[in-house]
Amino acid sequence: MSKYLVNKFLYTVDRDPDLVQRYRDDPAGTVAWWETEKANEILNCVTQEKSTWLAFEDEERDALVAQDHVTLFELGAHPFLTLTLFIAMFEHDHEPLGYVKAYAERMAHISLPYPDIAT
Amino acid sequence: MAELVAVIASTHHPFYYKTSTAPEEERPPFAAEWISKIENFRETLTRARPDVLVMVGSDHFHQLWLDNMPQFLVGKAPVYDANWYNEEREFGLPRMRLAGDEAFSQHILREGLDAGFDLAFSNELRIDHSVTCPIITLRPQADLPIVPIYTNIFAPPLPQPKRFVQLGKTIRELVESMPGNQRVAVIGTGHLSLELGGPRQFGPTGPDPEFDRKAVEWIASGDIEGCLAEVTLESLHKPGNATHGFMDFMLMMGVAGEGAKADYTETVDLFHTMEAYFTWYPKGASSL
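Line by line, the protein sequences are chains A and B.
Each step along the first sequence adds one to the number in our numbering, with nothing skipped, and position 105 is 173.
Each step along the second sequence adds one to the number in our numbering, with nothing skipped, and position 204 is 460.
Simulated from the structure, these hints should not be mistaken for laboratory data.
Be a bit skeptical, because a hint or two may be false.
[What the hints assert, rightly or not] As a list, the in silico PhoX-like pairs of lysine-lysine whose alpha-carbon atoms are at most 25 Å apart:
| # | chain 1 | residue 1 | chain 2 | residue 2 |
| --- | --- | --- | --- | --- |
| 1 | B | K494 | A | K169 |
| 2 | B | K274 | A | K169 |
| 3 | A | K71 | B | K274 |
[Unchecked claim] Label-pair restraints from in silico Cβ distances:
| # | chain 1 | residue 1 | chain 2 | residue 2 | range |
| --- | --- | --- | --- | --- | --- |
| 4 | A | D86 | B | D399 | 45 to 53 Å |
| 5 | B | T488 | A | D93 | 37 to 45 Å |
| 6 | A | E127 | B | R303 | 51 to 59 Å |
| 7 | B | D399 | A | T139 | 45 to 53 Å |
| 8 | B | F527 | A | A176 | 16 to 24 Å |
| 9 | A | S179 | B | S292 | 34 to 42 Å |
| 10 | B | A376 | A | E142 | 47 to 55 Å |
| 11 | A | I178 | B | P412 | 30 to 38 Å |
| 12 | A | S179 | B | T521 | 31 to 39 Å |
| 13 | B | E481 | A | L122 | 25 to 33 Å |
| 14 | B | E490 | A | D86 | 34 to 42 Å |
| 15 | B | R305 | A | A100 | 55 to 63 Å |
| 16 | A | W101 | B | P412 | 24 to 32 Å |
| 17 | B | A541 | A | D93 | 27 to 35 Å |
[What the hints assert, rightly or not] To be clear about the criterion: a stretch of chain A counts as covered by chain B if any three or more of its residues have a C-beta under 8 Å from a C-beta of chain B, and this derived list gives those stretches:
| # | region |
| --- | --- |
| 18 | 71-85 |
| 19 | 91-103 |
| 20 | 145-153 |
Using N, Cα and C, we set each Cβ at its ideal position, and we do this for glycine too.
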């Protein structure tokens, strides 16, 4: 499991309007590019100091490519990060509150205790 | 010494700004009641005539991140920029700029460290809606210097609830030991029951009205002991996966003190959460 890296993807994409649009339009390409180019950049450090070892597990990569928020939740991604990014990408296609209610309905089978979000 | 003139605890709802500034015909049906209650709540700070605001909030993964997450952090900058792109995007919040009080921050840091809290600090903290929402609701002219204190209610492992209460008690001592004669309000924001990104989000009420009822009673009556007896890091998942923000209310109960009854309590039930507002006057309302 590399929950940290999943969260890092969601976090770094959510804060950049160009990346939000790029991930919406081309999820597979954006995830592949990000894992190759960005995953090992240490935030607040120059790129020469990149780390060497961060990579997604296959199921994490697949969930990000599928933009499957239910699976991301089940894998322990931080739910605030997933929600805020997915709202940015998709909420404007729906009536007010329609998207976030449907988002919850797709998770109706999930009961307490929820997956651990500690990284 | 500085005088603690008001202690204020509140939820922080990022939709209030948009709700209250939209043209009347575009406002949701609950807007009028909400705005009216906020204006009454605002008066509880105005009448205390503060000179400086010590603001307790929590970064929502805007600046503080999992590579280097502080549990408790004090801003010590002369100026704070505020609100972020994704808060503009989702909530329509405006960019803001708030003055700091570096001497006050330095006092909180030095004396807080000596009191046993390993406080982190930031010389370039950008504030998010946990602090700007109470500015918008309580001091919309944004004309007072702030001392921001951020807590981690968001990225496990979290400090225990009792630690939030202890920090609140210590913040009160630090405010009251600040040299000078400033009138100080301590304002902190958190949540009652709340779910974000889970199956119980955006329901017709908050995810756990029973928890909300008990929580309001704990806060309004200053029942720290009763609250600590029921609330744990594990139990806070049950009323909703974002309910750990309630620990910032517990911190504010620590500032107000064990058994301190709030001088002002108000709630408003919105579609997915209960908003709640509390004000204490440490020397009594008649002292103002």
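Against the structure, the hints:
1. B:K494 / A:K169: holds, 20 Å
2. B:K274 / A:K169: holds, 20 Å
3. A:K71 / B:K274: With Cα atoms ~34 Å apart, A:K71 and B:K274 exceed 25 Å; violated.
4. A:D86 / B:D399: 45 to 53 Å: For B:D399 against A:D86, whose Cβ atoms are near 36 Å apart, the range 45 to 53 Å is violated.
5. B:T488 / A:D93: 37 to 45 Å: The hint (37 to 45 Å, Cβ to Cβ) holds, given that B:T488 and A:D93 are roughly 44 Å apart.
6. A:E127 / B:R303: 51 to 59 Å: Holds, since A:E127 and B:R303 (Cβ atoms, about 57 Å apart) stay within the stated range.
7. B:D399 / A:T139: 45 to 53 Å: Since B:D399 and A:T139 have Cβ atoms about 48 Å apart, the given range 45 to 53 Å holds.
8. B:F527 / A:A176: 16 to 24 Å: holds, 18 Å
9. A:S179 / B:S292: 34 to 42 Å: Between A:S179 and B:S292, where Cβ atoms are some 39 Å apart, the hint holds.
10. B:A376 / A:E142: 47 to 55 Å: violated, 32 Å
11. A:I178 / B:P412: 30 to 38 Å: Cβ of A:I178 to Cβ of B:P412: about 18 Å, so the range 30 to 38 Å is violated.
12. A:S179 / B:T521: 31 to 39 Å: Holds - the Cβ-Cβ distance for A:S179 and B:T521, about 33 Å, lies within 31 to 39 Å.
13. B:E481 / A:L122: 25 to 33 Å: violated, 45 Å
14. B:E490 / A:D86: 34 to 42 Å: Hint holds: Cβ distance 40 Å, inside 34 to 42 Å.
15. B:R305 / A:A100: 55 to 63 Å: holds, 58 Å
16. A:W101 / B:P412: 24 to 32 Å: holds, 30 Å
17. B:A541 / A:D93: 27 to 35 Å: Violated, since B:A541 and A:D93 (Cβ atoms, about 57 Å apart) do not stay within the stated range.
18. 71-85: holds (count 7)
19. 91-103: Result for this restraint: violated, n = 0.
20. 145-153: This one holds; 7 residues, not fewer than the three required, reach chain B with a Cβ under 8 Å.
This entry does not satisfy hints 3, 4, 10, 11, 13, 17 and 19, going by the numbered hints stated previously.
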